[in-house]
Amino acid sequence: MLKLLGDFIGELRAAGIPVSLSEHVDAARAVEVIDLSDRASLRAALAATLVKDGDHLGAFYAAFDVYFALRQVESVDDLLGELAGGPDARATGAPVPAGPGRGGSGGQGLSAQELADLLFRALRDGDHAALRAGAREAVSRYAGMEPGRPVGGTYYLYRTLRHLELDDLRERLAGQGVNRSALEERVAHDEVSAQIDLLKAEIEREIRERLVEDRGAAALARSVRKPLPEDLDVMHANREEMAQLERALRPLSRKLAVRLARKRRRRRRGPVDLRHTVRRSLSTGGVPLDVRFKPPRPTKPEIFVIADVSGSVASFARFTLHMVHAISSQFSKVRSFVFVDGLDEVTALFEGADDPAVAVARINAEADVVAFDGHSDYGRALTTFATLYAKDLTKRSTVLILGDARNHYHQTHAEVLSELKSRARAVYWLNPEPASYWNSGDSVMAQYAPYCTRVMECRTLRQLEVFVGELA
Amino acid sequence: MSAIDPRQELAERLGLKEVPPVRFDSPEDVSQRLRKNDYLSDDAIASVTFLADRLAKPVLVEGPAGTGKTALAKAVADATGSRLIRLQCYEGLDESKALYEWNYRKQLLRIQAGRSEESSEDWTALEEDIFAEEFLLTRPLLEAISSTEPVVLLIDEVDRVELETEALLLEILSEYQVSIPELGTVRATQIPMVFLTSNNTRELSEALKRRCLYLYVGYPTVERERDIILSRVPGVTVALANQIAQVVRSLRALDLKKSPSVSETLDWARTLVVLGREEIGDADVAATLHILLKYQTDIDRARKELLAPTKPVA
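Just so you know, the protein sequences line up as chains A and B, in that order.
Take 1 as the starting number for the first sequence in my numbering and just add one per residue.
Take 1001 as the starting number for the second sequence in my numbering and just add one per residue.
Chain A on its own, in the form it takes in the complex (with noise of 0.2 angstroms):
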């Protein structure tokens, strides 16, 4: 067991979630004190003692998983012929003999549509142990699972899916009530999915279990493997990944802010306060032991951001003004610009927003950005910021450049980028892209680089937390 831990933990480690010597030894000991028989236990006990981050969970939970795969008693086809053949099986009383293998062999009696019969009534009637069963059979009949192909599962599950037709299932599943109002409607349709993803996890666990069994925990845990949200590579990030990070954004963006409001309110303190020391001398009988401080006068930036919208950085930009818009109290002033081969400048679409994301929305849908191709044209989106706003910049405004700084081969008119930042206090360049692609193919970065004061790669939430925390 000490031994599997530790592969286990290893795996965490390489996850990304860090994982002290201190916690290792917790994991240790509060193995000893629990059942482990009970899986669920095991598993609550791993998350308390490893885990310390909530984010983390879903990583850890997909570790856990492959590595701790128990197999179910094998009794489950005894049962399968029981639930499909009703009472006539049971008479016979001949439990199909079913080696406990892989590749199809309980339960051979039954046609396809009996199988889908079984997992309704499974599913209606939330009987759990039947509802494995039929996973258990649905894949072995449709996934054609082959051993050693070093694939993570994905694959045999959607071949699964597809052979069980959800949609049917599904149907049969809602189409129970006539003539329900919206509300029933909308609920009937939220128990139905959520049914469904009961089969879909079942059908996973399954699959996994075989693939742990065929390839070996440590194998397959590397394939399955998740990063954690704050570390997804924003530019190549999945639809699902997108979401996540959607997610993520919100809290992340909330967090900063607090923390941010706490480090202004703690950075410096102004002069002495001579009334209110005064005043709290009284109770030690007048000798100021308190001595208390004016709050300090904060001085807060201003912040320009020209952000590149154009469609391979679009969803980085839209994170990048979602979050400096979240935190916008801790500027004295956020306007914002996005441009492609033109300029808009889209603050007002912030400032009536309760919420940034409403306005990030907005801004695809609204912004005159396209002024010629459609492909970018940081030369031309510079020389027009310039000639139209550079006058509002000051020594106490900070501009933020966000772009791959791929600029299709136009002319990159540097010099109006220097000429911004002997206005501005500083002038920030983030990058989506791995500095080692840099300069490759159209990216200009080198020739931009040496009028901003930093030059940044930002490709993952973690990055722009840290950076927009030093910004404020």
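I should point out that these hints are in silico values taken from the structure, not numbers from a laboratory.
The reader is advised that the hints may include incorrect statements.
These stretches of chain A come out as covered by chain B in the derived footprint (C-beta under 8 angstroms, 3 or more residues) [claimed, not checked]:
(1) 273-282
(2) 324-338
(3) 399-406
(4) 410-419
Short, incomplete list of chain A residues facing chain B, as computed with Cβ under 7 angstroms [as the list claims (entries may be wrong)]:
(5) Ser41
(6) Ala44
(7) Lys52
(8) Arg159
Chain B is faced by these chain A residues, among others (derived, beta-carbon under 8 angstroms) [what the hints assert, rightly or not]:
(9) Met1
(10) Lys3
(11) Arg29
Here the structure is a predicted model, which means the values were calculated and not measured.
Quick reminder that beta carbons are idealized off the backbone N, C-alpha and C, glycines included.
Assemble the complex: chain A is given as a structure, and chain B must be docked to it using the hints.
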């Protein structure tokens, strides 16, 4: 590996004569006894509470607001018959409010009283006298440590204190003792159960997290929420509770600023019971949505998504 019982080890370190008895036999025991106190736990909550007792470690409870983090500590206190000592954290909390403070007004009085007696008192005697326990004001943390009866210590919303203040908690969390320079070290006379809650408004320090077990309390499943409603709201029918739980799940699936919490669900259930509803219609939801949702934009969105657009709002 030597199987030293962590409780025994701690008891030896604290110099206790005997190891305090464990509070719970198994996670099931936790879950049953909490249920008696109207707190419905799930696997994770029961297991972690059980472990906290066995390993004598504090528990850090995180999760969205209103999912029963504080209620858990209260329920554990009730279930074990312990006294609940609560330290509400806030910004600017310092050791004089969390740990202990010298009662300097009383000390001043003592010095002045000594003067008037004319018997020129020896300074060292006086010093020893005024730094005695008599002049010590105990604050929640010290009180939890020095109490002789069993206690449950709840440190609420620990994320509200500054990073520096967090360090105050470290000694008590890992060693169950408090060092007072003038008095020496006060060690616990029993092993208190400690719960810390956090709403995750900021990252807690690694040092603090390392010393705690971590429990994430999220929104409950439909079944558990239904059971919670049934146990906490008198007069509610099973069908209604089920329906409420399902509607709330649908609401949580929407992208809202603030999802309805369990306590808001309970308020809503009570309202519906008072209104004498047996089942929920669209009009009822429209009229009472403000109990569940606290932002106008959220209410508008929920109306649009859940209720038929053509029907007028009651």
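The hints, checked one at a time:
1. 273-282: violated (count 0)
2. 324-338: Coverage by chain B is violated here, the residue count being 0 at a Cβ distance below 8 angstroms.
3. 399-406: Not satisfied, violated; 0 residues make the cut.
4. 410-419: violated (count 0)
5. Ser41: Hint holds; Ser41(A) Cβ to chain B Cβ min 4 angstroms, cut 7 angstroms.
6. Ala44: Constraint on Ala44(A) satisfied, holds at 4 angstroms.
7. Lys52: Holds, because the Cβ-Cβ distance from Lys52(A) to chain B comes to roughly 4 angstroms (cut-off 7 angstroms).
8. Arg159: Since chain B brings no Cβ nearer than about 28 angstroms to Arg159(A), farther than 7 angstroms, the hint is violated.
9. Met1: This interface hint is violated because 10 angstroms lies over the 8 angstroms limit.
10. Lys3: violated (12 angstroms)
11. Arg29: This hint holds: Arg29(A) lies near chain B, its Cβ roughly 6 angstroms from the closest one there, short of 8 angstroms.
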